[in-house]
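Given the coordinates of chain A, assemble chain B onto it according to the supplied hints.
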Amino acid sequence: MTLPLTPSQTVGPFFAIGIGPTIGTHVVAEGSPGAVRISGQVLDGDGQPVRDALVETWQPEGVARSATDDEGQFAVVAIKPSGATTGAPHIDVSVFARGLLTRLVTRLYFPGEVANETDLVLQSLTPEERTTLVAAADGAGLRFDIHLQGTRETVFFDR
Amino acid sequence: MAAPAHPPNNTPAYRSSELRAPKRPLRVLPERFPDLSAPLMTGITIGPLDHDLTRQHEGEPLGERITISGAVRDEEGAPVAGALVEVWQANAAGRYAHVSDQHPAPLDPNFSGAGRCLTDDEGRYHFITIKPGAYPWRNHPNAWRPAHVHFSVFSDAFAQRLVTQMYFLGDPLLPLDPLFNAMPDPAVRERLVARWSLELTQPEWSLGYEWDIVVAGRDATPLHDDGKE
Numbered sequence: 004m005t006l007p008l009t010p011s012q013t014v015g016p017f018f019a020i021g022i023g024p025t026i027g028t029h030v031v032a033e034g035s036p037g038a039v040r041i042s043g044q045v046l047d048g049d050g051q052p053v054r055d056a057l058v059e060t061w062q063p064e065g066v067a068r069s070a071t072d073d074e075g076q077f078a079v080v081a082i083k084p085s086g087a088t089t090g091a092p093h094i095d096v097s098v099f100a101r102g103l104l105t106r107l108v109t110r111l112y113f114p115g116e117v118a119n120e121t122d123l124v125l126q127s128l129t130p131e132e133r134t135t136l137v138a139a140a141d142g143a144g145l146r147f148d149i150h151l152q153g154t155r156e157t158v159f160f161d162r
Numbered sequence: 385m386a387a388p389a390h391p392p393n394n395t396p397a398y399r400s401s402e403l404r405a406p407k408r409p410l411r412v413l414p415e416r417f418p419d420l421s422a423p424l425m426t427g428i429t430i431g432p433l434d435h436d437l438t439r440q441h442e443g444e445p446l447g448e449r450i451t452i453s454g455a456v457r458d459e460e461g462a463p464v465a466g467a468l469v470e471v472w473q474a475n476a477a478g479r480y481a482h483v484s485d486q487h488p489a490p491l492d493p494n495f496s497g498a499g500r501c502l503t504d505d506e507g508r509y510h511f512i513t514i515k516p517g518a519y520p521w522r523n524h525p526n527a528w529r530p531a532h533v534h535f536s537v538f539s540d541a542f543a544q545r546l547v548t549q550m551y552f553l554g555d556p557l558l559p560l561d562p563l564f565n566a567m568p569d570p571a572v573r574e575r576l577v578a579r580w581s582l583e584l585t586q587p588e589w590s591l592g593y594e595w596d597i598v599v600a601g602r603d604a605t606p607l608h609d610d611g612k613e
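Chains as they are written, first to last, in my numbering: chain A, 4 to 162; chain B, 385 to 613.
The following block holds chain A by itself, in its conformation from the complex:
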């Protein structure tokens, strides 16, 4: 039996009332071993902050989600995935927003990883494209900006 998929629709501008406390911003507790704060800005084609986006991170260790604030900023606390994944360690990221009928999927890679040099996905991209997927060191944490459009448009993947 193959059932037809239910189509996606936009999350719209008012999702904050429905996205409850069930899934929060932390994959692991802040300050626990290996915990890393990942923050970034979601930007539109004019370079303006997207103030009504929902960013979700997904990895074997768990999920986190964060709505962007008035500056388009999101922040989660995650951990570098170990083991099970193929290629270099990475976190799968979903982006939802008003203006997006279907979620966008991208990947966050960790800076300075030797495995990045041989990762099949990263190596299939141009150097400019690759920089959109590798987070930048930002104090004790990581910064991962998401450009929906423009010369620095983030690489997005088919779901």
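Treat each hint with caution, since some may be false.
[What the hints assert, rightly or not] Sample of chain A residues at the chain B side, in silico, Cβ under 10 Å:
#1 L8
#2 Q12
#3 A19
#4 G23
#5 G65
#6 A100
#7 S127
#8 E156
#9 R162
Simulated from the structure, these hints should not be mistaken for lab results. Here the structure is a predicted model, which is why all the values come from computation and not from measurement. Every residue, glycine too, gets a C-beta built ideally from N, C-alpha and C.
Just chain B, lined up with the frame of chain A:
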């Protein structure tokens, strides 16, 4: 070949997509997405009234009392048990309880418009709420969104993640709505329209709607993509 299920992000009739829909083609990943190593809902508690949007305040909300029930299944027909289903909606007057909603329709002090539940072993969910009102938006002159309930489905498989909207049969605004019509195939659009059910309608109490949700299979890879080339 089956029509693609999901609407293209690049949909000019939906004005907000102009500066937000990526311009470059999506890349295909060579591997499937990882599963979670622990059940998604470990440690998450859902309150006993979280699925009942009519009992979250002192009084009852105004509006037409309805129930919405259905099953979440994957493409192979297997129930998706233990998934988190979250809903949010406007009140009966077409106003969201959100600071950014400026539509001059009354707020209802007895209605927050949000609910959640976990699907049972058969993948079924159930909500009690009131029928949301239509409301204007600024997409084009005299634009009104058809009545709808936002749904978010979160299981422990990344490929199954879905955010969508449920509509009501016979709404005259549906043929004019750029979001509903972003799927070019009418048969695909119809999958977002709930069925009114006499069996689910409770005498002297509430109108019953039924709406099933189908998400990707657990092992869906980016290449197994609803017939899309």
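Less than 10 Å between beta-carbons is the criterion; does A/S127 satisfy it with respect to chain B?
Holds: closest Cβ of chain B sits about 8 Å from A/S127, inside 10 Å.
Hint validation: A/L8 versus chain B, beta carbon distance must be below 10 Å. Holds or violated?
Since chain B brings a Cβ to about 4 Å from A/L8, closer than 10 Å, the hint holds.
Take the shortest C-beta to C-beta distance between A/A100 and chain B; is it under 10 Å?
Where the cut-off is 10 Å and the nearest Cβ of chain B is about 6 Å from A/A100, the hint holds.
Interface hint outcome for A/G23 [beta carbon to chain B under 10 Å]
holds (6 Å)
When the nearest CB of chain B is found for A/Q12, is that gap smaller than 10 Å?
holds (4 Å)
Against chain B, run the beta carbon of A/A19 and see if the smallest gap drops under 10 Å.
holds (7 Å)
Measuring from the C-beta of A/R162 to each C-beta in chain B, is the shortest one below 10 Å?
holds (6 Å)
Hint validity - A/E156 Cβ closer than 10 Å to any chain B Cβ:
The hint holds - A/E156 has a Cβ within 10 Å of chain B, the shortest such distance being about 6 Å.
Minimum beta-carbon distance criterion (10 Å), A/G65 to chain B:
holds (6 Å)
Hint check: no violations occur; every hint is consistent with the structure.
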